[in-house]
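Student: The listed protein sequences derive, respectively, from chains Y and U. Quick note on numbering: my numbering labels position 248 of the first sequence as 248, and the sequence is numbered without any gaps. Converting from the second sequence to my numbering requires adding 427 to each position, the first position being numbered 1.
Keeping only pairs whose Cα atoms sit at most 25 Å apart, straight-line, the calculated BS3-like set for lysine-lysine is:
| id | chain 1 | residue 1 | chain 2 | residue 2 |
| --- | --- | --- | --- | --- |
| 1 | Y | K355 | U | K522 |
| 2 | Y | K355 | U | K536 |
| 3 | U | K500 | Y | K182 |
By construction, these hints were calculated from the structure, which means they are not laboratory data.
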Amino acid sequence: MEATLIKHIGHTAFRDIDTFVQGGGYRAVEKAFGMRPEEVTEAVKSSGLRGRGGAGFSAGMKWSFVPKESQLPKYLCCNADESEPGTFKDRQIVEYEPHLLVEGIIICCYAVGIHSAYIYIRGEFAYGAEVLENAIAQAYSRNYLGRDILGKGFDLDVTVHRGAGAYICGEETALLESLEGKRGQPRLKPPFPAVVGLFNGPTVINNVETLAAIPSIINNGADWYAAIGPERNRGTKLFSVSGHVVKPGVYEMPLGTNLLALINDCCGGIRPGRTLKAVIPGGASASVLRAEECNISLDFDSLAKAGSMLGSGGAIVMDDSTCMVKVAHTASRFFYEESCGKCTPCREGIGWVEKLFRRLESGGGRETDLALISDICDNVKGKTLCPFGEAFSAPLDTFVKKFREEFLEHVRQKRCPFGNPPPDPVH
Amino acid sequence: MAFEFTAENQTEFERILSRYPQKRAALLPTLYLVQKQHGYVCKDAIGFIAEKLGIEPVQVYAVITFYTMFNLKPVGRFHLQLCNNISCMLLGSEKLLAHLRSRLGIGLKETTPDGLFTLSTVECLGSCGTAPVLQINCDPYRENLGIEELDRLLDELRASAGDAPAAQE
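My request is simple: use the sequences and hints to build the entire structure.
Tutor: Written out as structure tokens, the structure reads:
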């Protein structure tokens, strides 16, 4: 299987537009310009490409929801906020394939009739932002961006916009608020961004990986793409693997790749002398899988059926030296730090859950804390404006349910059986 | 003292403004620019930005406090930001933190008396495959860190500091 998204990972040469063009880059733009915009959208729709940000919604459908005629300007926001713990895939595209992303952006904007695009990149990726700025400047200098692109009468401006350290800004409506210069707190939907988005204009919001997949779909055809991966889960996907494996990293594999095969064949297996204990398969918002559940196909539908999710494709692998109470506490502290505070169940609920996990890991927990955590999680689920409530309540509850014995052992021994010191208070 | 952009940063500010259809959208990049010039966002700068962007000072303040990357107080010349999320924790970030605390003699959110180092923990930096990870100011990440690399890094930073004044983005 030839890589299409991170072909040049580790090689900085393809940041240069000449090298990129010599390797066949920007050909998809020329091809797309020879098609009618609605044909481009149709190709993306029939390719089966589903959004790579986590929700897995059909990219072509998303584009088609934007009204053709609009009084207000339409916008594209490329979501490069990559902040889901365990995920580091978009950064590879940004740093090693910046022109592939720009190419995907141009094609999307042409298809939807957009003349202004923003790449919202997390603030910590200052270096990646610089790489993108340089690539965009080069694209302007070759008239792939700017006025009357390639003499086809199409105009497009692309701006890199840095976030400033807030996980929630990866949520699409929070991203819009942040881009408008406000606190990144999610908006109520509807109206959906496709109708009322950035600066109130119709807006497409796509993940970096989604947009980077567009050029190869245009070059090779929708049928080519639709032949990769299982039914309803087409194309290759970037899997970020971290934790206790021999060779952590980002691997491009077809959707439907087996999780154990990813760990053993791509990542060289679990580190020597240890055995697999658990995997968080799709970033911290995905529910943990026990070792015996890891013989599973990595695609949207299979993971949803197993009560977890593909999410961002960020797999955190844990061996038998890992204390699951500590992992659960670390995850809860993250969500506590990052709750935007807009919805009461989320803001208050995650604070309580973090305190309970900390108490359990410190050895002061009670058996009733387990039911209390589940009860709080249950009361957050479905009661928040944005998916953040689900993002922490489902996985944190799952830790308690799947590793109940380990939690009880902490209560019985009045300490962490793995010998971990009590966690620091949240500052 | 009233805050003003340097001539160079005023030009940069105008370039930033030109990229957005609404002035307020330039707030985050403008805050970065202020921080680049001044090291942190002082009270005078808040009023200055509000006036430039046609919003209220409280709207600027509300944004500064929502995000983690803007400083309302001066920070050390090297702001050490250690990731302590799951993957980094699994691969030993806590040992690194303990080491930093004892070597620098400061706690979290504190600055060494010489103004060189401020120590913070941060949530996932998005580099879990090269855990544990440290970011210094806004520079490229320091990855796959162990205690020895960390010690070398601190020495390197101290040496590079020379007599230069404190305060960075």
